[in-house]
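Residue numbers (full-length UniProt numbering), protein chains in the order written: chain A, 1 to 212; chain B, 1 to 178.
No lab work stands behind these hints, which were simulated from the structure alone. Hints may contain errors.
BS3-like cross-link-like pairs, simulated, lysine-lysine; straight-line CA separation at most 30 Å [unchecked claim]:
id, chain 1, residue 1, chain 2, residue 2
1, B, K152, A, K89
2, A, K149, B, K152
3, A, K23, B, K42
4, B, K173, A, K23
5, B, K173, A, K2
6, A, K15, B, K22
7, A, K2, B, K152
8, A, K23, B, K152
9, A, K15, B, K152
Spelled out from the first residue to the last, the chains are:
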Amino acid sequence: MKTDELIRTLGADAKSTVMPLGKVWFAALLFALAAAAFLLFMTIGMRPDFMQAMETVRFLFKFVFTSTVAITAFLALRMLALPGAAVGKFGRWLLLGPLLMLAAVMLELLAIPSSDWGRRLVGNNMFVCLTFIPLVGLCPLAALVATLKHAAPTRPTLAGAVAGLLAGGVAATFYAAHCVDDSPLFVATWYSLGIAILAGLGALAGRFFVRW
Amino acid sequence: MAGMNEAELARLMRAATAGDEKAYAEFLRGTAAIVRSFARRKIVQGGVDPEDVVQETLLAIHLKRHTWRQDAPILPWIYAIARFKMIDAFRRRGRRIEIAIEEFAETLAEPEQETVSERDIGRALDSLPPGQRVVVSSISVDGNSIGETARKLNMNETAVRVALHRGLAAIAKRFGRG
Chain A
1 MKTDELIRTL GADAKSTVMP LGKVWFAALL FALAAAAFLL FMTIGMRPDF
51 MQAMETVRFL FKFVFTSTVA ITAFLALRML ALPGAAVGKF GRWLLLGPLL
101 MLAAVMLELL AIPSSDWGRR LVGNNMFVCL TFIPLVGLCP LAALVATLKH
151 AAPTRPTLAG AVAGLLAGGV AATFYAAHCV DDSPLFVATW YSLGIAILAG
201 LGALAGRFFV RW
Chain B
1 MAGMNEAELA RLMRAATAGD EKAYAEFLRG TAAIVRSFAR RKIVQGGVDP
51 EDVVQETLLA IHLKRHTWRQ DAPILPWIYA IARFKMIDAF RRRGRRIEIA
101 IEEFAETLAE PEQETVSERD IGRALDSLPP GQRVVVSSIS VDGNSIGETA
151 RKLNMNETAV RVALHRGLAA IAKRFGRG
């Protein structure tokens, strides 16, 4: 096929339309939130003392951290899906979640005697945490990877990893409502590890499934 | 044509999005020229034909035109897709060379003739399911319009459009990076 013939052929297909990317992102996010909420509330549910916990700063900070991870990941992901878009500024915002967590860990270390550090770090249910954050994040990750396929990421592995961060942020936000371990020492370790597992899965999915 | 600039291309693409088919064809021709000189500049050693990169980039640009935001510059978008497709072409070539070594004897016995019709996209076209292949080649190689193709194949125009779009998407998929 000559290039002129190809151009004529593409011109003949000019009227074909696909769903605008903004709408697809919106649908994917909505699905991600719904799927995560459904899985969590249908299985392990919220912690029994949820209302009392709402009054403690450690519990609330978990949501600040996880939702910061999710929101900053989404801002970067939207840019990574567009060829030639400037990602840099949004990429830097990804540091915000880890920096907040670093500050929280420092404060916790100051507030708690060192004899208690180990107990708080290990917590009550790190295995549940390491199982459920990736599990709750799987469906959201699938929806985000599908959206990446619809878009055109020129760095698919990186875009997949950031999709994993977003799925992890969403999953951890819901999981935080169940989890009774509120110490930043616990969250910084096990939540981050759970989110990192999803980021790794996302990178693999980006590498192998996001072809265009 | 070769000197089409940012503002001109962006204007044409905006017009194309609004439904102007002439503007779209002009946009594609301008883009082809830009990608051609980019690919010729970048591909200094053999193995990948710059024109293959031009064609695969045009196809990707067509199928992913919803990833250009009307308020964003268009040249960085075009170059990013061209670079991505060029890396793709090199990777694919690497794989194909491995296959060629295994089938060295046959390759020697029957040297392949490089002609214009044997572009990668042309080869991908040949591997489409028959329904899509007749429609795509009627429009591309034979130069028929949608309407002419519909009459010739005794189909309705919507079916022709659907087969054309699916065929193009299937061709692009064959070039997707794995």
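Practice prompt. Return the numbers of the hints above that this structure violates; sort them in rising order.
Written response: The structure breaks hints 1, 2, 3, 8; every other hint is satisfied.
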